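Build out the structure end to end from the sequences listed, making use of the hints.
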Amino acid sequence: MIEVRPGGRRRIDRVLDPDYVAGLAKLELAEVRARRDDAAQEETDLSYLRRLLHARIDIVRAEQRRRREGGGAPVVAELGRILAVNAVGPATGSGRHQRLQPSRAAAHRRQVEALVADADLSDVGALSGEQLEGALAAYATEEESVSARRREVQHVVDIFNAEIGSRYASGTASVDELLAEQRRLSE
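So our numbering is basically just the index in the sequence shown, starting at one, shifted up by 98.
The hints are simulated quantities; they were obtained by calculation from the structure and are not laboratory data. What you are looking at is a predicted structure, and each value in this text was computed from that prediction instead of being measured.
Label-pair restraints from in silico Cβ distances:
hint: 1; residue 1: A260; residue 2: E101; range: 22 to 32 Å
hint: 2; residue 1: R107; residue 2: G178; range: 34 to 44 Å
hint: 3; residue 1: E279; residue 2: Y118; range: 18 to 28 Å
hint: 4; residue 1: A128; residue 2: R166; range: 53 to 63 Å
hint: 5; residue 1: E101; residue 2: P172; range: 31 to 41 Å
hint: 6; residue 1: H253; residue 2: D221; range: 39 to 49 Å
hint: 7; residue 1: L283; residue 2: V183; range: 36 to 46 Å
hint: 8; residue 1: P172; residue 2: K124; range: 58 to 68 Å
hint: 9; residue 1: Q280; residue 2: G170; range: 52 to 62 Å
hint: 10; residue 1: R159; residue 2: L283; range: 39 to 49 Å
hint: 11; residue 1: E231; residue 2: P104; range: 32 to 42 Å
Using N, Cα and C, we set each Cβ at its ideal position, and we do this for glycine too.
Take a look at the structure:
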């Protein structure tokens, strides 16, 4: 479960603190962009965690389906197809293009693995039906929590993007200033 700790030091704690978006009009454009980028990185990390959870949910469901239908081939033989089903095709939900890389990939993998420490998905066929149900329930509950937090973070990113857009629309920010700032930072 993704908890937000008011006053906490983690990025998600900062990004979802109501003060993070308070008084945007008074902030310098560089600070607005920096906060937006920080929130966008959190969104990327949550999206990565969500994808990890979806993969595990798909594996467990495939094993359950194999057992129901009396299939003989182990799920591992079909892993590429199983994981590709939701990776290809039209997008669903509130996803958007992620231009950033996850910053805490290893930590997210450990978090997902710790959810069901006794359910070893490397040999999903050896798990009992009860273990599969428990793993699926744990992964689904965590996915719901991650998705809810991700939507909250997306809302924060949207607030910053709207502020930046309104500054360009009103003329208080200009593309020339942005390009000059980017040149200065790259030197």
